[in-house]
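J.: As they're listed, the protein sequences go chains A and P. Residue 281 in the working numbering sits at position 281 of the first sequence; the count goes up by one each step and never skips. Residue 96 in the working numbering sits at position 96 of the second sequence; the count goes up by one each step and never skips.
Hints in this document: simulated from the structure, not taken from any laboratory. Be aware that a few hints might be false.
To be verified - Reference excerpt, derived from the structure (chain P facing chain A, CB under 10 Å, subset only): (1) Gly127; (2) Met130; (3) Cys208; (4) Glu250; (5) Arg269.
Don't be surprised by glycine CBs; every beta carbon is placed ideally from N, CA and C.
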Amino acid sequence: MEKIPMRDGYGKALLKLCRERDDVVVLDADVSKSTRTAWIHDQFPDRFLNMGISEQDMIGTAAGLALGGMRAFASTYGVFLCGRAWDEIRTTVCYNRLNVKLGGAHAGISVGPDGATHQALEDIALMRVLPGMTVIAPCDAIETEKATLAAAGIEGPVFLRFGREPVPVVSTEDTPFIPGKANVLRDGCDAAIFAIGAMVYEALAAAETLAGEGVDAAVINLHTIKPIDRDCILRFAEQTGAIVTAEEHQRFGGMGSAVAEVLVSAKPVPLEMVAVDDSFGESGQPEELMRKYGLDAEAVAAAVRKVLRRKG
Amino acid sequence: MEELELKKLCRQMREDILRMIHAAGSGHPGGSLSEVEILATLYFGGVMRVDPNSPEWEARDRLILSKGHSAPALYSVLARKGFFPLSWLDSLRRLGSPLQGHPHAVRVPGCDCSSGSLGQGLSVSNGLAMALRRRGLDSRVYCILGDGELQEGQVWEAVMTAAHYQLNNVCAIVDYNGVQLDGRLEEVMGIGCPEEAFAAFGWHVISCDGHDLAALGRAFDEACANVAPSVIFARTIKGKGVSFMEDRAEWHGKAPNDAQLAAALDEIRREVC
């Protein structure tokens with residue numbers, strides 16, 4: 001399967017938006033080559049603002065641009081975007097309900113050799129707690145492009161999460177992408193795996209393995225974490241009675257927690273979370289880290305077997 | 001508005017501020033009273049182009065109150081300008097009121113941005129100035145900062161940005177009253193020589209008496225005429241106009257009781273215009 005970095009989808013979509021709309025501006029905090037916003041710098045220099053290494057000022061400036069009628073895409077590594085500038089995002093962007101779109105690059109432990117400081121594992125928790133914030137974590141480069149285009153059309157703040165490494169392209173140009181509506185990639189009756197980002201591919205691989213064991217697992221790409229597709233989650237809770245979540249994020253406060261919040265409110269069924277277990281990452285090759293921190297197909301399959309035992 | 005009328009307006013604004021905070025039972029009189037002349041000059045001294053009948057007029061000038069805790073002063077000047085009824089002022093900080101303890105712009109006609117978390121307003125002003133320029137408007141963005149607020153690192157990021165992008169449609173005003181919540185600036189955290197710091201980054205720096213209406217008018221004229229972003233260091237007195245509040249950190253965020261309100265209003269009314 002072809003592998004492309006999700007950030008390429010972000011850059012492609014921004015180029016398209018700059019071609020099609022005159023109200024789009026793109027900001028970066030000195031990592032434009034990494035986030036692919038350098039493509040905007042090269043092709044639409046008057047739409048690009050490099051803010052230097054100053055994430056807080058970047059968000060404030062983006063907020064001002066939005067107050068002035070622009071749609072401002074502010075991009076940097078997710079760790080610094082969501083952590084360093086959280087108060088700016090909360091009180092200036094969200095409280096003012098502004099059209100600031102946040103491109104959080106280098107999400108997850110698969111960032112690799114740069115180590116824990118640069119691996120965003122708390123970004124979903126930090127963003128989904130904010131009133132009025134839409135949170136989207138696409139699964140591949142094609143979906144990142146669609147999500148970025150969709151973000152431009154959503155009124156209010158949007159957080160887009162994407163990784164650094166090339167990841168398998170599991171969707172196609174024809175795959176639908178509707179914010180807030182999960183994509184069912186594989187139906188199943190024994191258990192349902194809700195996955196985001198690069199874990200979608202791992203979940204599909206796990207389902208394949210499980211099928212060989214006679215376990216029929218559904219796989220759902222829950223690309224929008226907020227607003228969450230409550231109907232889809234409850235439908236699969238009803239249908240399978242056993243849920244697994246898989247994400248490159250901390251166990252606490254991430255997509256799995258969001259799914260759990262839905263389940264406990266309406267249809268409590270056993271839930272197992274595949275996620276980073278309350279620890280920092282470290283340096284290493286992406287695939288080594290994914291294995292060590294229990295974020296691969298094998299870990300997802302193990303979680304399904306476990307949840308089936310609990311289901312009884 | 002002529003200077004005598006402006007002075008009367010300032011007196012009225014001080015009354016508004018004290019009454020509002022007294023009625024609410026909480027709020028920030030010190031830094032509200034210190035910036036009265038600044039706001040009066042902006043809105044009534046022929047500086048800002050705004051239209052109370054059309055608060056969203058796109059070609060208007062903007063004000064970002066970065067020191068959001070001085071909201072009562074902003075509410076007073078906006079009400080006096082006619083953006084909303086004066087009766088709203090009685091509802092400050094009450095449940096359901098559009099006049100939140102710190103400004104929530106989406107609920108207040110004439111208020112351009114929510115604020116309250118310090119250090120962010122100059123960044124917003126820069127972005128707004130960029131957007132206005134992109135849209136071919138000659139609107140200007142005024143940003144009122146506290147002097148204690150200059151302790152926030154983000155302010156200096158924004159100082160760099162305005163200079164780097166040559167945003168001469170940005171004018172910052174520092175309400176330089178020398179006192180913050182915990183005490184005198186130099187005791188809490190000295191800010192060195194901020195005028196020199198702004199100048200070193202490429203700003204046009206103006207200093208004036210922040211309670212002298214004529215001097216403020218001249219300062220804004222000078223700010224408009226520059227190719228660089230401008231900052232006005234307005235030397236002010238925290239709690240200005242009420243002798244027992246003046247230059248006292250304890251009045252940063254405390255409401256006057258009934259007797260204190262009466263004494264304060266008496267003092268303000270007796271001031272000769």
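J.: Taking the closest Cβ pair, is Glu250(P) under 10 Å from chain A?
T.: Violated - the Cβ of Glu250(P) stays beyond 10 Å from chain A, reaching only about 27 Å at its closest.
J.: Hint check: is the beta carbon of Met130(P) less than 10 Å from a beta carbon of chain A?
T.: holds, 6 Å
J.: For the restraint on Gly127(P), tell me whether the closest CB of chain A is nearer than 10 Å.
T.: holds, 2 Å
J.: Take the shortest C-beta to C-beta distance between Cys208(P) and chain A; is it under 10 Å?
T.: violated, 26 Å
J.: Can you verify the interface hint for Arg269(P): is its Cβ closer than 10 Å to any Cβ in chain A?
T.: violated, 37 Å
The structure shown violates the earlier hints numbered 3, 4, 5.
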